[in-house]
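Q: Assemble the whole structure, with the sequences as input and the hints as a guide.
According to my numbering, the sequence shown is numbered sequentially starting from 1.
Note that these hints are calculated values from the structure, not bench results. The reader is advised that the hints may include incorrect statements.
[Claimed, not checked] Subject to a maximum C-alpha distance of 20 Å in a straight line, what follows is the list of computed EDC-like cross-link-like pairs (lysine to aspartate or glutamate):
id, residue 1, residue 2
1, 213, 336
2, 391, 403
3, 419, 430
4, 467, 555
[Stated by the list, open to error] Beta-carbon label-pair distances, calculated as ranges:
id, residue 1, residue 2, range
5, 192, 706, 15 to 21 Å
6, 293, 185, 49 to 55 Å
7, 478, 150, 39 to 45 Å
All C-beta atoms in this analysis are idealised placements derived from N, C-alpha and C, irrespective of residue type, glycine included.
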Amino acid sequence: MESQGERTVLASLHPPADDVLIPLRIQIDFRRESYLVSTELVECPQLSAISVPHDAYPSHHPAQQPHLHPPPTIAPTMSLPSHFTRRHLTLLRSNSPRTPLRVVAHIDLDAFYAQCEMVRLNTPLTQPLAVQQWESLIAVNYPARAFNITRMLTAAEARKRCPQLITQHVATFREGEGEQWKYRDDAAECIATDKVSLEPYRMESRKILEVIKTVLTERAEEVMRDVGVEGAAKGPGTEQLVRVEKAGIDEVFVDLSALVYETLLEWYPMLREGEVELDVNERLPGLPTTVLEWGKEDMLVDLDVGEAEEDDPDWDDMCMLVGADIVRSVRAAIWERLKYTCSAAIARNKMMAKLGSSCNKPNKQTIVRNRAIQHFLSGFRFTQIRMLGGKLGKQVSATFGTEEVGDLLRIPIEQLKLKLGDDTGTWLYEIIRGYEYSEVSMRTKIKSMLSTKSFRPGIKSSGQAEKWLRIFVADIYGRLLEEGVLENKRRPKVVTIHHRTKGQTRSRQIPIPPGRPMSDTMLFDLAKTLLAQVVNEGNIWPCANLSLNVSGFEDGLTGNRSLDSFFGRGDGGAKTAAAAIQQQEQSGGSVQRGFMHGSEPHKRRKVSDNDRDEDDHVNDDLSTRSSDRANEDEEESLFLQEPDLHHPSHLTSTTAATPPLNGNAIVTQHNDWTTVDLQELSFPCTRCGKTIMEYDKIEHEDWHFAKDLDEQDRLHHSTTIPPTLRQRGNLRSRGRGRGRGKTDKRQSRLAF
1 MESQGERTVL ASLHPPADDV LIPLRIQIDF RRESYLVSTE LVECPQLSAI
51 SVPHDAYPSH HPAQQPHLHP PPTIAPTMSL PSHFTRRHLT LLRSNSPRTP
101 LRVVAHIDLD AFYAQCEMVR LNTPLTQPLA VQQWESLIAV NYPARAFNIT
151 RMLTAAEARK RCPQLITQHV ATFREGEGEQ WKYRDDAAEC IATDKVSLEP
201 YRMESRKILE VIKTVLTERA EEVMRDVGVE GAAKGPGTEQ LVRVEKAGID
251 EVFVDLSALV YETLLEWYPM LREGEVELDV NERLPGLPTT VLEWGKEDML
301 VDLDVGEAEE DDPDWDDMCM LVGADIVRSV RAAIWERLKY TCSAAIARNK
351 MMAKLGSSCN KPNKQTIVRN RAIQHFLSGF RFTQIRMLGG KLGKQVSATF
401 GTEEVGDLLR IPIEQLKLKL GDDTGTWLYE IIRGYEYSEV SMRTKIKSML
451 STKSFRPGIK SSGQAEKWLR IFVADIYGRL LEEGVLENKR RPKVVTIHHR
501 TKGQTRSRQI PIPPGRPMSD TMLFDLAKTL LAQVVNEGNI WPCANLSLNV
551 SGFEDGLTGN RSLDSFFGRG DGGAKTAAAA IQQQEQSGGS VQRGFMHGSE
601 PHKRRKVSDN DRDEDDHVND DLSTRSSDRA NEDEEESLFL QEPDLHHPSH
651 LTSTTAATPP LNGNAIVTQH NDWTTVDLQE LSFPCTRCGK TIMEYDKIEH
701 EDWHFAKDLD EQDRLHHSTT IPPTLRQRGN LRSRGRGRGR GKTDKRQSRL
751 AF
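A: Pasting the structure below:
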């Protein structure tokens with residue numbers, strides 16, 4: 001049948017698993033410069049008996065599918081150019097947050113604590129289970145939720161609603177029974193003598209993180225092999241293709257941009273043609289397909305008004321497709337190896353990925369394409385967006401009388417700036433439109449460890465407090481051993497004690513002697529010293545809460561070399577120095593690179609990623625914590641995001657302000673000890689905006705100095721001098737007598 005330039009033909013599809021023909025109706029629109037191909041299944045009575053086996057894709061774990069292959073080439077060669085440029089593609093290669101082709105994933109375990117207990121107890125997948133702390137519930141699995149059981153209930157109320165419910169109490173330490181955590185049947189009745197231990201969940205979290213890194217590394221190695229020696233030589237190493245950021249005990253961010261870039265080169269070698277010679281602002285060729293096959297578990301967000309699924313996809317859609325396939329393989333591996341399910345979201349930045357991972361729980365992944373951002377965000381309250389859940393969110397809500405993103409989208413930027421100030425108004429205007437540029441940091445190491453206990457009724461003597469300090473030390477020291485403290489791999493710098501009475505909170509901190517071997521005895525002695533300082537102030541009993549914290553972790557000195565090894569012995573020293581700077585970039589930030597003009601570091605203020613639940617805290621009051629996460633099933637991750645925001649343009653590097661933060665520190669001295677409020681121990685770096693602990697200030701400034709030198713050297717060697725000027729310079733140098741002589745390959749000149 002043909003009509004008005006449209007032609008409909010019948011075709012058939014051979015599924016790979018059998019020889020059954022599935023008839024399709026394919027409609028091709030010849031009226032457009034780029035052909036539009038749409039397909040639909042044709043009713044076929046003889047196919048009614050065909051069905052997919054019930055267990056082909058079990059509902060409790062990700063579908064086991066082979067790696068995605070490039071979609072078939074359906075669009076003709078005369079298709080329109082892409083909306084994206086080679087510059088956007090090249091920035092994708094370097095994991096730049098400034099490219100609209102960027103792909104970021106957020107992977108979140110489903111009811112993590114409950115899953116840990118299900119795996120440990122080997123319970124059936126349909127068994128209702130809740131994790132109990134004292135008389136409260138801190139995690140509920142999905143079978144239990146079918147009985148309307150939530151974390152707001154007590155364990156007794158939950159068992160009334162579901163008699164077959166398993167309520168597993170968390171492991172505890174017990175006063176007077178050694179210094180090891182155990183699962184105890186009577187823990188719920190022993191709140192006065194027991195202290196919660198989350199170590200079983202931390203151990204499982206480390207296993208899951210290792211699986212994620214392993215799968216991504218294997219995928220990167222596979223892609224690099226497929227690209228070939230030529231492509232591998234030009235591209236980054238596999239370690240640069242795997243960027244994982246631990247966001248909490250049960251969640252991670254993954255920047256898939258570089259891995260997606262290499263995959264695109266493997267599938268479409270035409271993208272590599274003219275990679276260096278062509279203008280970076282030249283548009284990419286049109287996507288050589290109009291059909292994108294999404295996975296069974298890919299939940300696509302509906303498109304914005306004015307967009308249609310029949311529109312031809314572009315390279316950003318293809319990037320999302322590749323990213324979705326990678327995340328699907330990660331989730332499948334976590335299930336296969338450890339029997340945990342997780343949900344995920346793939347989007348252009350961390351903010352939207354974080355919001356999206358909770359939208360289709362459990363065990364699915366949400367895809368937020370660029371063409372669906374406005375529709376996606378308009379369904380949220382802006383108080384669910386990071387940095388808008390506290391005082392600023394309340395101010396915005398009170399000012400404009402709404403909490404809906406959709407309502408704020410209709411307010412012009414001039415009015416936002418008038419009501420909230422230029423900086424905050426501009427920041428809010430951008431964030432609700434999905435413009436967010438914080439990087440996925442590769443820092444997955446713990447920055448601090450906290451062990452705490454709330455007392456009801458309060459303890460009333462130093463003797464009782466010291467018994468609990470011994471348990472705190474045992475808890476923390478066990479984790480320090482896993483961090484490699486005995487092998488000098490990592491070591492904390494500071495010990496802090498916090499003491500809370502009914503009307504006052506006191507804190508003391510003391511540096512850990514760097515020359516002494518780390519031991520539980522040394523930590524306990526330091527803790528007792530700090531407790532004595534608190535006791536000397538008087539009026540401290542009864543104590544309602546006591547906690548011990550170690551912080552300021554630094555890597556130990558390994559692989560030391562003598563100073564002269566960096567000089568005069570070939571270029572090994574220079575390579576070592578460059579490697580040291582590169583390692584520091586990976587751990588402390590990245591040097592701004594790429595095609596953007598004015599590549600100086602953006603001066604911005606932000607809350608550091610180091611202040612998240614990445615800090616390995618143990619809170620004995622988990623059941624009383626509040627959460628800003630909406631529609632989520634998991635216990636709160638205490639996730640504090642960084643407002644690293646800039647102007648929405650993808651072609652400029654204009655800086656947008658963030659909400660103002662209070663960086664004033666209040667410190668008072670008491671004899672030889674320092675009393676510091678926990679929130680006053682840090683300050684924002686004026687250059688990069690990161691929140692830096694006071695004892696890391698000098699080291700952080702040294703890092704900026706080293707990065708500046710590295711950037712100057714890079715700019716110096718990348719400067720292109722026209723041949724005519726180069727010749728003139730050579731002629732002038734001939735008339736200057738002896739000159740400066742030839743520079744040895746091991747030397748470099750300093751420009752004065």
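Q: Each of the hints needs a verdict: does it hold here or not?
A: Now the hints, each set against the structure:
no., hint, in the structure
1, 213 to 336, "holds (15 Å)"
2, 391 to 403, "holds (13 Å)"
3, 419 to 430, "holds (16 Å)"
4, 467 to 555, "violated (31 Å)"
5, 192 to 706: 15 to 21 Å, "violated (52 Å)"
6, 293 to 185: 49 to 55 Å, "holds (52 Å)"
7, 478 to 150: 39 to 45 Å, "violated (33 Å)"
In this structure, the earlier hints numbered 4, 5 and 7 are contradicted, and the remaining ones agree with it.
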